[in-house]
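Student: Assemble the complex: chain G is given as a structure, and chain E must be docked to it using the hints.
Number of protein chains: 2
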Amino acid sequence: MTAEKNTVPHGHTISKSDRRELLAQNSKIIWFTGLSGSGKSTIAGKVEEVLNRRGFLTYLLDGDNVREGLNKDLGFTNKDRSENIRRIGEVSRLFVDAGVIVLAAFISPLKEDRKQVRALVEPGEFLEVFVNCPLEICEQRDPKGLYKKARAGEIADFTGIDAPFEIPDAPEIEIQSDKVSVEQAAEEIVRFVKPKIELE
Amino acid sequence: MTAEKNTVPHGHTISKSDRRELLAQNSKIIWFTGLSGSGKSTIAGKVEEVLNRRGFLTYLLDGDNVREGLNKDLGFTNKDRSENIRRIGEVSRLFVDAGVIVLAAFISPLKEDRKQVRALVEPGEFLEVFVNCPLEICEQRDPKGLYKKARAGEIADFTGIDAPFEIPDAPEIEIQSDKVSVEQAAEEIVRFVKPKIELE
Numbered sequence: 011m012t013a014e015k016n017t018v019p020h021g022h023t024i025s026k027s028d029r030r031e032l033l034a035q036n037s038k039i040i041w042f043t044g045l046s047g048s049g050k051s052t053i054a055g056k057v058e059e060v061l062n063r064r065g066f067l068t069y070l071l072d073g074d075n076v077r078e079g080l081n082k083d084l085g086f087t088n089k090d091r092s093e094n095i096r097r098i099g100e101v102s103r104l105f106v107d108a109g110v111i112v113l114a115a116f117i118s119p120l121k122e123d124r125k126q127v128r129a130l131v132e133p134g135e136f137l138e139v140f141v142n143c144p145l146e147i148c149e150q151r152d153p154k155g156l157y158k159k160a161r162a163g164e165i166a167d168f169t170g171i172d173a174p175f176e177i178p179d180a181p182e183i184e185i186q187s188d189k190v191s192v193e194q195a196a197e198e199i200v201r202f203v204k205p206k207i208e209l210e
Numbered sequence: 011m012t013a014e015k016n017t018v019p020h021g022h023t024i025s026k027s028d029r030r031e032l033l034a035q036n037s038k039i040i041w042f043t044g045l046s047g048s049g050k051s052t053i054a055g056k057v058e059e060v061l062n063r064r065g066f067l068t069y070l071l072d073g074d075n076v077r078e079g080l081n082k083d084l085g086f087t088n089k090d091r092s093e094n095i096r097r098i099g100e101v102s103r104l105f106v107d108a109g110v111i112v113l114a115a116f117i118s119p120l121k122e123d124r125k126q127v128r129a130l131v132e133p134g135e136f137l138e139v140f141v142n143c144p145l146e147i148c149e150q151r152d153p154k155g156l157y158k159k160a161r162a163g164e165i166a167d168f169t170g171i172d173a174p175f176e177i178p179d180a181p182e183i184e185i186q187s188d189k190v191s192v193e194q195a196a197e198e199i200v201r202f203v204k205p206k207i208e209l210e
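Listed in order, the protein sequences are those of chains G and E.
Quick note on the numbering used here: the first sequence kicks off at 11 and runs consecutively.
Quick note on the numbering used here: the second sequence kicks off at 11 and runs consecutively.
To be clear, the hints were calculated from the coordinates, so they are not data collected in a lab.
There's no promise every hint is true.
As the list makes no split between identical chains, a pair holds if one copy fits it or if it spans any two.
[To be verified] Below, simulated EDC-like cross-link-like pairs (lysine to aspartate or glutamate); rule was C-alpha separation at most 20 Å, straight line:
| id | residue 1 | residue 2 |
| --- | --- | --- |
| 1 | 206 | 59 |
| 2 | 82 | 122 |
| 3 | 26 | 210 |
| 4 | 189 | 152 |
Model, not experiment: these values are computed from the prediction.
Next up, chain G with everything else stripped away, as it sits in the complex (with noise of 0.2 Å):
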């Protein structure tokens, strides 16, 4: 038997729309992607403090909580990264359901695992933000000391170095971080979500 035929929906009476009445806002995935050092997870940070600030119930994920629970049993090959995000997505796609503001910051950089993200929210949900970082800044940075130990060949399909990043085509906002500070970007960002957000 397949996992589909063994469950049968129970029909629960404590909906999405319940959650966001309780809480007064939209929940939504906010998604940034970018390479490794282009400030995802930092401007993701920044962006949570203002909202929580306002009083609106955000939750972050990324690699800190995500990688050492969830899915530390994957690694960092093509098919495990794809099932990182997958996952990750369906965690999202669940906080969304729970009426939270997701903010998820990832490398994620395949257009169709993006994609396939966006596709599990309703129209709408999944706002993308493309930390656009140039990769001379990014190693430059290096916070992690990631791309000096990718250059040495100790990392292997490092994304940037010998494994691609997939430029947005749409994203919902764009980020050039090297070009403004972490505030700049947390209140350009605010400033898109917070209509989006707040209950009509």
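Tutor: Below, chain E without anything else, positioned relative to chain G:
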């Protein structure tokens, strides 16, 4: 390289306690374990209804929203069932970190699997509800027709038939679901849980 070495913590400013403050509630995992047909998901749904009406933000995880999404790659072998519970535990941990009260309704027949979920969160954050219902009654009810299939040999390793259900030694709550109504069960659980989820 392992996943661990490839990630470096960011130290974001908004914490679990900020989110609990915002929601004015203490997040917990309320974990319902019991045989198929024991009423776990129905009782959990009723608890959610009561808590939502009292202003608590809850989220119910069960086969409906997990087996066809996050865990759709998993089957029903022992290994896959343990991985199913492991992932649900990790997702529950993220929800608790987000400030949300999670209700998780899964057969979760093995003590070891449940123990591992309990160990993922802080002491007192995991509340185990044993929905105790005699096998004969569950089999009589058979709301999904699964016992019939298991008896006919169409489903292998079915809990209670040809796979064990390990009774919890010290659940926080035990509900004899053949002896009380869904409403009574929910009321008892809410009475126990409420002082623990209220912010001091």
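Student: The structure should be examined with respect to each hint, and the outcome stated for every one.
Tutor: Here is what the structure says about each hint:
no. : hint        : in the structure
1   : 206 <-> 59  : within (18 Å within a copy, 27 Å between copies)
2   : 82 <-> 122  : between (23 Å within a copy, 19 Å between copies)
3   : 26 <-> 210  : within (15 Å within a copy, 28 Å between copies)
4   : 189 <-> 152 : within (17 Å within a copy, 62 Å between copies)
In terms of the numbered hints stated before, the structure departs from none.
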